[in-house]
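K.L.:
These are the residues of each chain, in order.
2 protein chains.
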Amino acid sequence: TIAAAAERLLPKPQGVLSGKRIVITAGPTYEPLDPVRFVGNRSSGKQGYAIAAACRNEGAEVTLISGPVHLSPPPGCEVVQVRTAREMLEASEKALPADVFIACAAVADYRPAFETTHKVKKERGGLTAIDLVENPDILATVSQMEEGRPQLVIGFAAETDDVIGHAETKRARKKCDWIIANDVSPGTDVMGGDRNTVTIITGKGDEALPEMPKDRLGAYLAQRIARKLSAG
Amino acid sequence: TIAAAAERLLPKPQGVLSGKRIVITAGPTYEPLDPVRFVGNRSSGKQGYAIAAACRNEGAEVTLISGPVHLSPPPGCEVVQVRTAREMLEASEKALPADVFIACAAVADYRPAFETTHKVKKERGGLTAIDLVENPDILATVSQMEEGRPQLVIGFAAETDDVIGHAETKRARKKCDWIIANDVSPGTDVMGGDRNTVTIITGKGDEALPEMPKDRLGAYLAQRIARKLSAG
Numbered sequence: 123t124i125a126a127a128a129e130r131l132l133p134k135p136q137g138v139l140s141g142k143r144i145v146i147t148a149g150p151t152y153e154p155l156d157p158v159r160f161v162g163n164r165s166s167g168k169q170g171y172a173i174a175a176a177c178r179n180e181g182a183e184v185t186l187i188s189g190p191v192h193l194s195p196p197p198g199c200e201v202v203q204v205r206t207a208r209e210m211l212e213a214s215e216k217a218l219p220a221d222v223f224i225a226c227a228a229v230a231d232y233r234p235a236f237e238t239t240h241k242v243k244k245e246r247g248g249l250t251a252i253d254l255v256e257n258p259d260i261l262a263t264v265s266q267m268e269e270g271r272p273q274l275v276i277g278f279a280a281e282t283d284d285v286i287g288h289a290e291t292k293r294a295r296k297k298c299d300w301i302i303a304n305d306v307s308p309g310t311d312v313m314g315g316d317r318n319t320v321t322i323i324t325g326k327g328d329e330a331l332p333e334m335p336k337d338r339l340g341a342y343l344a345q346r347i348a349r350k351l352s353a354g
Numbered sequence: 123t124i125a126a127a128a129e130r131l132l133p134k135p136q137g138v139l140s141g142k143r144i145v146i147t148a149g150p151t152y153e154p155l156d157p158v159r160f161v162g163n164r165s166s167g168k169q170g171y172a173i174a175a176a177c178r179n180e181g182a183e184v185t186l187i188s189g190p191v192h193l194s195p196p197p198g199c200e201v202v203q204v205r206t207a208r209e210m211l212e213a214s215e216k217a218l219p220a221d222v223f224i225a226c227a228a229v230a231d232y233r234p235a236f237e238t239t240h241k242v243k244k245e246r247g248g249l250t251a252i253d254l255v256e257n258p259d260i261l262a263t264v265s266q267m268e269e270g271r272p273q274l275v276i277g278f279a280a281e282t283d284d285v286i287g288h289a290e291t292k293r294a295r296k297k298c299d300w301i302i303a304n305d306v307s308p309g310t311d312v313m314g315g316d317r318n319t320v321t322i323i324t325g326k327g328d329e330a331l332p333e334m335p336k337d338r339l340g341a342y343l344a345q346r347i348a349r350k351l352s353a354g
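Residue numbers (the working numbering), protein chains in the order written: chain A, 123 to 354; chain B, 123 to 354.
Okay, chain A solo, but in the shape it has when bound (with noise of 0.2 Å):
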């Protein structure tokens, strides 16, 4: 939008990120079936706004890329709306490099293994199954990159058992930095709430967080990476 436009123009906030080059990922990706069905992940994206928001009010650039929300882009930030799991990894390699790349969106697994462009007809013959093929995995991707590898890549990892255990293995298996684990069993009201619990899994330890506000999160996590990345 053109605010967006003029927001960008205005010198940024200066504070612990200035200089710093912040790609995050965030809500869910629809994955299409045909024009109206799709495969879909639960998540209100509000997590990944408020670390966004945070990281440019500490003087980051900050590029965000979306999936569909119902959620106002984060002032200063530049946004890239996506819907699939193959658009955000296009538009994550398009924002690197970075400094910081923070994959906080729940992108689909898999997708439908065919896509038609006309509606799926019940009468004809019925669906019995959708077939599903594995989707790029973004954060692995961005991980392992062997040039212009950020300095840090965070994960996330919404789990509903064995949160830390999940997590710790996620971390390893991808090759990123840290792993921020939080648990998302029904009851919990981490899923479309404005509160979170987390654990951020380092490597070095895990630091497990009381529960807060998703902004308050946002405001934490912004000075902890901007300590990682001063540190080194």
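Rather than coming from a laboratory, the hints here were simulated on the basis of the structure.
Possibly wrong hints are sitting among the right ones.
Which copy? The list can't say, so a pair holds if one copy fits it or any two copies do.
[To be verified] Dumping the calculated DSS-like pairs for lysine-lysine here, alpha-carbon to alpha-carbon at most 25 Å:
hint, residue 1, residue 2
1, K336, K241
2, K134, K336
3, K241, K297
Keeping the supplied structure of chain A fixed, place chain B upon it in accordance with the hints.
P.N.:
Frame of chain A, contents of chain B only:
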């Protein structure tokens, strides 16, 4: 909400639908596969919400049964929030009897055959397909009620090819009174947009309406429904 409850206590507007009870479904349904994944339909809910508001403005008592959308509840309507097709059917049956039933929701024809309470892990062999089972058909169920069938049952047909042909077939198969057919092909911009172009299929001739804003179409339909009810 308290505001909605207070509004329902206010005198209803007087209009051509005064004394009539109308149940409307709107929005998509999302059918869960696990706590984070679902199979969904695309629908903003705008058309159904506009029809609900218009019917209420003409004095009807309106129950709006809504899938997951990001719209404000129309003033004075009772709104029931649901997520899946089965929940939508249950809420519809509970909201009946009524003079008119309008099935505007984009209900998922199919749902995952199995729903797990824990997130399906990619590394455990992976997903190769989502097995599906048929969802209940809300429009056909209400159209074919043996007792207490609403006097006028209206369905929507969002099609991408042979729009009128498919809609005529749907009207006959489901045994509803009217079908409101619209073309949602990519590029028509109907889905999520603020305008709509429909044909009303009544079994006694088709009425092709010009493109108009969704709220104007709602107002037109409220009048058209009132005419039909008074004609008997």
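K.L.:
Compare the structure with each hint and give your call.
P.N.:
Here's how the hints hold up against the structure:
{"no.": "1", "hint": "K336 <-> K241", "in the structure": "between (38 Å within a copy, 22 Å between copies)"}
{"no.": "2", "hint": "K134 <-> K336", "in the structure": "within (23 Å within a copy, 41 Å between copies)"}
{"no.": "3", "hint": "K241 <-> K297", "in the structure": "between (40 Å within a copy, 22 Å between copies)"}
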